[in-house]
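Enquirer: What follows is the residue order along each chain.
Number of protein chains: 2
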Amino acid sequence: MSESLHGVFIGIPKEEIDTPALLIDLDIMESNIRKMADFFSTVNADLRPHTKTHKTPIIAHKQIEAGAIGVTCAKLGEAEAMVHAGIRDILIANQIVGKQKIARLINLANHSDIMVAVDDPHNVNQLSAAAQAKGVTLRVLIEVNIGMDRCGTEPGAPTLELAQHILKSEALRFEGLMGYEGHTVANPSLIERKIATEKSMTLLVDTKHLLEENGIPVKIMSGGGTGTHKITGAFPEMTEVQAGSYVFIDATYRNVEGGGDQFDCSLSVLTTVISRPNPTRVIVDAGLKMLAKEFGVPQPIGIDGLEMIGLSEEHGRMTADASVDLTPGDKLELLPTHCCTTVNLHDCYYGIRDGVVESVWEIAARGKSQ
Amino acid sequence: MSESLHGVFIGIPKEEIDTPALLIDLDIMESNIRKMADFFSTVNADLRPHTKTHKTPIIAHKQIEAGAIGVTCAKLGEAEAMVHAGIRDILIANQIVGKQKIARLINLANHSDIMVAVDDPHNVNQLSAAAQAKGVTLRVLIEVNIGMDRCGTEPGAPTLELAQHILKSEALRFEGLMGYEGHTVANPSLIERKIATEKSMTLLVDTKHLLEENGIPVKIMSGGGTGTHKITGAFPEMTEVQAGSYVFIDATYRNVEGGGDQFDCSLSVLTTVISRPNPTRVIVDAGLKMLAKEFGVPQPIGIDGLEMIGLSEEHGRMTADASVDLTPGDKLELLPTHCCTTVNLHDCYYGIRDGVVESVWEIAARGKSQ
Numbered sequence: 000m001s002e003s004l005h006g007v008f009i010g011i012p013k014e015e016i017d018t019p020a021l022l023i024d025l026d027i028m029e030s031n032i033r034k035m036a037d038f039f040s041t042v043n044a045d046l047r048p049h050t051k052t053h054k055t056p057i058i059a060h061k062q063i064e065a066g067a068i069g070v071t072c073a074k075l076g077e078a079e080a081m082v083h084a085g086i087r088d089i090l091i092a093n094q095i096v097g098k099q100k101i102a103r104l105i106n107l108a109n110h111s112d113i114m115v116a117v118d119d120p121h122n123v124n125q126l127s128a129a130a131q132a133k134g135v136t137l138r139v140l141i142e143v144n145i146g147m148d149r150c151g152t153e154p155g156a157p158t159l160e161l162a163q164h165i166l167k168s169e170a171l172r173f174e175g176l177m178g179y180e181g182h183t184v185a186n187p188s189l190i191e192r193k194i195a196t197e198k199s200m201t202l203l204v205d206t207k208h209l210l211e212e213n214g215i216p217v218k219i220m221s222g223g224g225t226g227t228h229k230i231t232g233a234f235p236e237m238t239e240v241q242a243g244s245y246v247f248i249d250a251t252y253r254n255v256e257g258g259g260d261q262f263d264c265s266l267s268v269l270t271t272v273i274s275r276p277n278p279t280r281v282i283v284d285a286g287l288k289m290l291a292k293e294f295g296v297p298q299p300i301g302i303d304g305l306e307m308i309g310l311s312e313e314h315g316r317m318t319a320d321a322s323v324d325l326t327p328g329d330k331l332e333l334l335p336t337h338c339c340t341t342v343n344l345h346d347c348y349y350g351i352r353d354g355v356v357e358s359v360w361e362i363a364a365r366g367k368s369q
Numbered sequence: 000m001s002e003s004l005h006g007v008f009i010g011i012p013k014e015e016i017d018t019p020a021l022l023i024d025l026d027i028m029e030s031n032i033r034k035m036a037d038f039f040s041t042v043n044a045d046l047r048p049h050t051k052t053h054k055t056p057i058i059a060h061k062q063i064e065a066g067a068i069g070v071t072c073a074k075l076g077e078a079e080a081m082v083h084a085g086i087r088d089i090l091i092a093n094q095i096v097g098k099q100k101i102a103r104l105i106n107l108a109n110h111s112d113i114m115v116a117v118d119d120p121h122n123v124n125q126l127s128a129a130a131q132a133k134g135v136t137l138r139v140l141i142e143v144n145i146g147m148d149r150c151g152t153e154p155g156a157p158t159l160e161l162a163q164h165i166l167k168s169e170a171l172r173f174e175g176l177m178g179y180e181g182h183t184v185a186n187p188s189l190i191e192r193k194i195a196t197e198k199s200m201t202l203l204v205d206t207k208h209l210l211e212e213n214g215i216p217v218k219i220m221s222g223g224g225t226g227t228h229k230i231t232g233a234f235p236e237m238t239e240v241q242a243g244s245y246v247f248i249d250a251t252y253r254n255v256e257g258g259g260d261q262f263d264c265s266l267s268v269l270t271t272v273i274s275r276p277n278p279t280r281v282i283v284d285a286g287l288k289m290l291a292k293e294f295g296v297p298q299p300i301g302i303d304g305l306e307m308i309g310l311s312e313e314h315g316r317m318t319a320d321a322s323v324d325l326t327p328g329d330k331l332e333l334l335p336t337h338c339c340t341t342v343n344l345h346d347c348y349y350g351i352r353d354g355v356v357e358s359v360w361e362i363a364a365r366g367k368s369q
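Residue numbers (numbering that gives the first Met the number 0), protein chains in the order written: chain B, 0 to 369; chain S, 0 to 369.
The hints are simulated quantities; they were obtained by calculation from the structure and are not laboratory data.
Take the hints with a grain of salt, since some may be wrong.
Which copy? The list can't say, so a pair holds if one copy fits it or any two copies do.
To be verified - Below 16 Å or equal to it, Euclidean Cα-Cα: the simulated EDC-like pairs (lysine to aspartate or glutamate) are:
{"id": "1", "residue 1": "Lys34", "residue 2": "Glu160"}
{"id": "2", "residue 1": "Lys34", "residue 2": "Glu197"}
{"id": "3", "residue 1": "Lys98", "residue 2": "Glu15"}
{"id": "4", "residue 1": "Lys61", "residue 2": "Glu169"}
{"id": "5", "residue 1": "Lys34", "residue 2": "Glu212"}
{"id": "6", "residue 1": "Lys218", "residue 2": "Glu293"}
{"id": "7", "residue 1": "Lys13", "residue 2": "Glu306"}
{"id": "8", "residue 1": "Lys198", "residue 2": "Glu211"}
{"id": "9", "residue 1": "Lys133", "residue 2": "Glu197"}
{"id": "10", "residue 1": "Lys133", "residue 2": "Glu212"}
{"id": "11", "residue 1": "Lys98", "residue 2": "Asp17"}
{"id": "12", "residue 1": "Lys330", "residue 2": "Glu15"}
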């Protein structure tokens, strides 16, 4: 939908929105933002929420208004969308690689206070050369592999070595370390998650101490997610936590004890029943092109006796008790199982309060994976 | 990317495209279009290719130039994108339900020759009333459930009953039957697929005969996909086949014996290595937000000793033999496992010929699931 058409929807009842459509319950989202801000007012670490979840500047601004120190972005294109909307303090929690992206990053640094993750000395050299040529100083964090086995230097000596290399790079400023405990962040068991997270964070903290023993100040220590915000956020050495999903909470995160379950679900996909071929089968108009499935099929909200059993490209297939009163044209909401990838399938949110559309927001960084 | 910027990329070498990016090998795609057209010149059925795969008018026009009689669309928004690009003969192979969508459909009928699937008498009444009010005649097919257990009337008497109901609806024209053997279309085993498809098509053909015995002409018989085009297309009673994936062929379809394996893979996602943390691990910059995973992880093209083991939101994780010569900044192509849902994650295609960008095409119906 063209942004110029958003206004048409303001004030209409939720039930009149055409489907499939992505809805935010604004009261719940605002409450989630407040709850997370409240937690971070009690610990040493600050909140730098991840925009990969919502990809939308106005939500990022609300998080900052509530106390967040800036935002975390997954990709350069996401960071550009945030900078264009006036957000200055940004961590790109990823490696920016290649001539074109490095040029974009260095140019964006003239319009923002941007930090980027590194894990490779050649990438460091390229970033430094580009920053120097442009006359800017770029802030970098080293991404350390603390158990997820994705990107990142190994803890200890390899990280020290890269830090020493960065310190020799004139146009870069070494700010600290970043480690993401992504392998455990959505583990529903609090005790398992706590043990794994503490093990990961200890690797990161020990590496910080090693750098300091070698005379390298480590100002920033960044990590964590919604599932681990209370564990990682409670480490006195951690300065920033990158939680994102807490604004929405999906069917996966709401079962994460002592993590996602501290918040409520604010995101849903409104669908229409397009077929009720027999009493036990209900087909809705949203499938894989509107709903992510990698963490399981979404769940119908507020209707007993109805279960989603499959998604094809444009259909959701449900089994129903014969007593379920749904016929073609009826609308129902589905709770996504992965909010971040579901949001990336939509062009806009309909913000709902008191059953009525209060706002339509373009998802400005949707698809901005470059 | 704004369409006004597409021209910037024309003529640059493939390796210089920033990533992640969706590439089409134009020679291969054109050859696939020709091969399918050649097959349909030998059988009674015509080809009405499904645009859900490519969602892009220029590719639909190429299919029509090669002999297709029109297009099949999954959603009304997809059909609107095609009509806006001058395509007139369209089947929406889905139920159009609800006041707003029916209004859009009826208005679109003034600018195209559109058909729509129905499976419910109340929906038929609503379509008829809306068409009558606007003074248009709407063409309808009954969707029959031939074994997929999704939408559709049951074969035989229930379908006859709905056809009789449609005949009483002044503003509707009953054109025929549609049945999709989606439960078997991607079965790699030719013999299993043939048995299941023939069983399905027999249900559809028997229902056609039942209608005819009751004095109802059945002009159109529509079904099939890339995996079953030779089986369904060879039924003398079938008049139209809805194959879509053949233009691209993904890692799933290329293993469908006597179906997808008749074509070659023309679609890939270009990625950049962003981290090589150790000799056995390679991380690229494309994850779930650029690549569908419901049929498995995509496969690296043309590099031995490299295997994709997982996708997170913005990362692809691969294991590598130590001998694999890839460092951050190197680019490689991935073969999607599901072309249709992968395309829906991208804003444009880069059309490649002789290693150079020849065209950049907006994916006009991306995200148009309404």
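Enquirer: Take the hints in turn and mark each one as holding or not.
Expert: Results for each hint:
no.	hint	verdict
1	Lys34 to Glu160	neither (40 Å within a copy, 57 Å between copies)
2	Lys34 to Glu197	neither (23 Å within a copy, 59 Å between copies)
3	Lys98 to Glu15	between (48 Å within a copy, 10 Å between copies)
4	Lys61 to Glu169	neither (36 Å within a copy, 54 Å between copies)
5	Lys34 to Glu212	neither (37 Å within a copy, 68 Å between copies)
6	Lys218 to Glu293	neither (37 Å within a copy, 42 Å between copies)
7	Lys13 to Glu306	neither (23 Å within a copy, 46 Å between copies)
8	Lys198 to Glu211	neither (20 Å within a copy, 72 Å between copies)
9	Lys133 to Glu197	neither (41 Å within a copy, 67 Å between copies)
10	Lys133 to Glu212	neither (33 Å within a copy, 80 Å between copies)
11	Lys98 to Asp17	between (43 Å within a copy, 9 Å between copies)
12	Lys330 to Glu15	within (9 Å within a copy, 46 Å between copies)
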